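Each chain, letter by letter, is given below.
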Amino acid sequence: EAGVTQFPSHSVIEKGQTVTLRCDPISGHDNLYWYRRVMGKEIKFLLHFVKESKQDESGMPNNRFLAERTGGTYSTLKVQPAELEDSGVYFCASSSRDRWTSGNTIYFGEGSWLTVV
Amino acid sequence: RKEVEQDPGPFNVPEGATVAFNCTYSNSASQSFFWYRQDCRKEPKLLMSVYSSGNEDGRFTAQLNRASQYISLLIRDSKLSDSATYLCVVNNGYSTLTFGKGTMLLVSP
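Keeping their order, the protein sequence lines are chains A and B.
Sequential numbering from 1 applies to the first sequence in the working numbering.
Sequential numbering from 118 applies to the second sequence in the working numbering.
These are computed hints drawn from the structure, not numbers from a lab.
Note that the structure is predicted; figures quoted are calculated from it, not measured.
Where is the CB? At the ideal position from N, CA and C, for every residue including glycine.
Just so you know, not all the hints are guaranteed correct.
Unchecked claim - Label pairs and their computed distance ranges (CB to CB):
| # | chain 1 | residue 1 | chain 2 | residue 2 | range |
| --- | --- | --- | --- | --- | --- |
| 1 | B | L163 | A | H10 | 19 to 29 Å |
| 2 | A | E85 | B | A184 | 18 to 28 Å |
| 3 | A | G72 | B | N129 | 42 to 52 Å |
| 4 | A | N63 | B | N129 | 38 to 48 Å |
| 5 | B | A184 | A | T73 | 38 to 48 Å |
| 6 | B | L163 | A | T76 | 17 to 27 Å |
| 7 | B | Q148 | A | N62 | 26 to 36 Å |
| 8 | B | S198 | A | S96 | 45 to 55 Å |
| 9 | A | E57 | B | Q148 | 17 to 27 Å |
| 10 | A | T73 | B | A134 | 42 to 52 Å |
| 11 | A | T70 | B | S169 | 37 to 47 Å |
| 12 | B | Y168 | A | N62 | 31 to 41 Å |
| 13 | A | E85 | B | K119 | 17 to 27 Å |
Using the sequences and the accompanying hints, generate a full structural model.
Spelled out as structure tokens, the structure:
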């Protein structure tokens, strides 16, 4: 079974440009999450989709970030315009259930490494 | 105060050693607790969930102390392949996982 896949794996863009990150969750997982880790900090939650709906977007840093999940399958995270402080690794994750009950596992993708110069 | 605090290390230990990591969390309403392992430039992977009664998985033992808001991970008979960053993670019952910055373990021959 394919895991969570993310594209691109690495991206270097100039300040002010736009980048779109894509995530394909594990097939059948309704719950999709975006997290990110910026240099020297811990991994932080950005938002959570249940199917195509945004369940929780409390972690989105500002309106330069736009996440979509049309059709409830793959998701995109767009950063426009990118700033230097957006550099970091963006992880996507998916799970079959949204509550952290025993046995529920969240699976992470390998991340999209973004460098803004 | 950080929501989840860990000693960043690194912990340098020889093969075969026993090593313990600790973690404290600030939100007393946290409901679920986990240790994740992250290899260099890879994604976090669930190592084990942590229960108040303590739980063991092979060489790994995790313990939760709700009164002290403290979580531990004990690794016995360390292997070279245990070298990684260990992330303490808590959840409040909803969608958000809160991560610590991680503790780096280096196991040497």
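Beta-carbon spacing of B:A184 to A:T73 - inside the hinted bounds 38 to 48 Å or not: holds (44 Å)
B:S169 and A:T70 - C-beta distance against the hinted 37 to 47 Å: holds (42 Å)
Using the C-beta atoms of B:L163 and A:H10, is the stated range 19 to 29 Å upheld? holds (25 Å)
Taking 17 to 27 Å as the stated bounds, is the beta-carbon spacing between B:L163 and A:T76 within them? Given about 26 Å between the Cβ atoms, the range holds.
A range of 17 to 27 Å was offered for this pair. Does it hold for the Cβ distance of A:E85 and B:K119? At roughly 19 Å between Cβ atoms, B:K119 and A:E85 fall inside 17 to 27 Å, so the hint holds.
Please check whether A:N63 and B:N129 have a Cβ separation lying inside 38 to 48 Å. Holds, at about 44 Å.
Does the beta carbon distance between A:E57 and B:Q148 stay inside 17 to 27 Å, or does it fall outside? For A:E57 and B:Q148 the Cβ distance comes to about 21 Å; the hint holds.
Hint check for B:N129 and A:G72 - Cβ pair distance inside 42 to 52 Å: holds (46 Å)
Evaluate the given range 26 to 36 Å for the C-beta pair formed by B:Q148 and A:N62. For A:N62 against B:Q148, whose Cβ atoms are near 29 Å apart, the range 26 to 36 Å holds.
I want to verify a distance hint. Is the separation of the beta carbons of B:Y168 and A:N62 within 31 to 41 Å? Taking Cβ atoms as reference, B:Y168 and A:N62 lie about 38 Å apart, which means the hint holds.
Confirm or reject the claim that B:S198 and A:S96 have a C-beta distance inside 45 to 55 Å. violated (29 Å)
Return holds or violated for the Cβ distance of A:T73 and B:A134 against the range 42 to 52 Å. holds (46 Å)
Against the hints set out earlier in the document, violations occur for numbers 2, 8.
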